[in-house]
Amino acid sequence: MVKIGVLGLQGAIREHIRSVEAAGAEGIIIKYKEQLADIDGLIIPGGESTTMRRLIDKYDFFEALVDFGKQGNPIFGTCAGLILLANDIAGQDDAHLSLMDMKVERNAFGRQRESFEAEVDIKGVADHFEAVFIRAPYIIEVGSEVEVLATYQDKIIAAKQDHYLCSAFHPELTDDHRLTEYFVKMVEK
Amino acid sequence: MSKIGTDRVKRGMAEMQKGGVIMDVVNAEQAKIAEEAGAVAVMALERVPSDIRAAGGVARMADPTIVEEVMNAVSIPVMAKARIGHIVEARVLEAMGVDYIDESEVLTPADEVYHLNKRDYTVPFVCGCRNLGEAARRIGEGTSMLRTKGEPGTGNIVEAVRHIREVNAQVRKLVNMNEDEVMTYAKELGAPYEVLLEIKENGRLPVVNFAAGGVATPADAALMMQLGADGVFVGSGIFKSDNPANFARAIVEATTHYEDYDLIAKVSKGIGTAMKGLEISTIAPEERMQDRGW
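If you read the sequences in order, they're chains A and B. Oh and the first sequence: position 189 is 188 in numbering that gives the first Met the number 0, straight run, nothing missing. Oh and the second sequence: position 91 is 90 in numbering that gives the first Met the number 0, straight run, nothing missing.
These are computed hints drawn from the structure, not numbers from a lab. Only a predicted model underlies this, so the values are computations on that prediction, with no experimental measurement involved. Ideal Cβ positions, reconstructed from N, Cα and C, are used throughout, including at glycine. Please note that the accuracy of each hint is not assured.
Output of the computed footprint for chain A on chain B, the stretches with three or more beta carbons under 8 Å from beta carbons of chain A [unchecked claim]:
(1) 37 to 49
(2) 66 to 79
(3) 115 to 129
(4) 271 to 279
The following residues of chain A were derived to be distant from chain B, with all beta-carbon distances above 10 Å [claimed, not checked]:
(5) G7
(6) C78
(7) H162
Chain A with its partners taken away, still in its complex shape (with noise of 0.2 Å):
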C-alpha cells in the first residue's frame, strides 16, 4: 500500500486523509518536515494559502518541499495547495512552490456568497464529477508542458504536469474519490 501524506499545517486535513484511506493507500499527516522521507506522495489541501505558507516558512518545509516533488514524488494541490504550486500569481510578485507552469488568480470565482457546486468533467479521470469551489481560485493560463484536466465556464479548474496534479475544487468535501484515485494510481507508478 502506497503512503501518502497530507500537509497537515492547516485546513481540510482529515478529509483529504478519508478521501485517501478510501482510495485504497495509506494516509499520514505531515507535520514535520523529516515526515517527507516516510511517504510516496503527498497532497497540499485547501485552507488559506497565506496562513499555509507562512507556517512552510516558519517551520523551515519550503526547501524540503520544492525538493520532494523534484525528486519526483507526486505532488497534488487542491484550492490553495493550488495556489501553492503555481509558478505565477496575478495580482503578487511572488509566488510560493513555483512546481507548475502555469498563472493563477486567487478567490477568481469571487467571495463565499459566490461559492458554488457544480457537475464537471474530468478528462481522463470521472465524468460528471461533483466539484465544490470554495472561494476558489482558477487558472489563467498553462504553460506547454501542462496538460489541462478540466474547464468550467471556461475557466481552466484542474490540470496535470508529470507528477504534479491540481484541482481548483475540493474533492475531499464528497464521497466521490475517483479524482484521489486518480492521484493513488500516479503514486503508484
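With the hints as your guide, set chain B onto chain A.
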C-alpha cells in the same frame, strides 16, 4: 448548472478554516497585522468584546464602513457579527459580501425568543454554544459552523473550557446511547431529534466547532485544541495585549502545533504581557454574555 449556498459549500468554507486562528479586528491596520501573522480569517468589529463590555449600552452590528475597510485591506475571508435574531443586520452584511456572519451573543440580542433562520441565507453563519442542546438547535436553524461561547472579553479561558467539555461529553454520551434512548435525550436537551440522530450516526457534529470566548495566550489556544476544538477565535486577546503582532504569531503557531510543548514554550517567550483578565464571579449575572441565546 451550478448551485450556490448549499450546505456543502457553506460548511466546506468552515472546514477550510480548521486548525487556524480567526482574529477580531477593528480597522484595516489591525486586519493587515492579523493576515501577516497567519490568521485564516478576520472578524470585523467596531469594538473588541472587552471594550464592548466596558462601554456598556447597546452593542450593534459594526458600521459598514469598518467592515468594508477591512474587506478591502485583506485577501483572507472576512467575518462580521450580527445581533441574535436581527434579520436585517444579517441581510445587510450578506449584501456587502462578508464571507461569514457570526450571530453573536457579544452584541445585544435583537430578539429574545428566536434566532435567525440561517437556512434562508446564501452566506454561512457561525453561532455560539455551551452544550449539545444549543449546538443542535443552531444546526437545526442552519448554522454552518459552531464555536464555544466562553465568556467574551474576559481573557479568562474557564468558560470556554467548560463549554467544549460539555458539548464533547454530550456527543460521546449520544454516540454510545441506544437508538431508542435518543428521543428522550432530545427532549432533555431541547434538541432536534433528527440532528441528534445524524450526530449519533457520524460519531461527531456535522459542522466544525471552534473555541471562542476567553482565549488570551498561546497556551490557551493550544489547550482548546487539545480539548477537541477545530480552531480558535481570538477576540480581545490579541489587540488588547502589549504586542499584538507577537501575540498573533505566537497564537497561530501554538494552534498548529498544539501538542508540541517545546515549541509553545519557545513562541511564548518574551512576547509581552497578555490582556488583563476578568474573574467570572466578578461579572454581574445580567452582564454575562454567554446567557444570551435560546
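Now the hints, each set against the structure:
no.: 1; hint: 37 to 49; result: holds (count 4)
no.: 2; hint: 66 to 79; result: holds (count 3)
no.: 3; hint: 115 to 129; result: holds (count 3)
no.: 4; hint: 271 to 279; result: violated (count 0)
no.: 5; hint: G7; result: violated, 8 Å
no.: 6; hint: C78; result: violated, 7 Å
no.: 7; hint: H162; result: holds, 25 Å
Comparing the model with each numbered hint stated earlier shows that hints 4, 5 and 6 do not hold.
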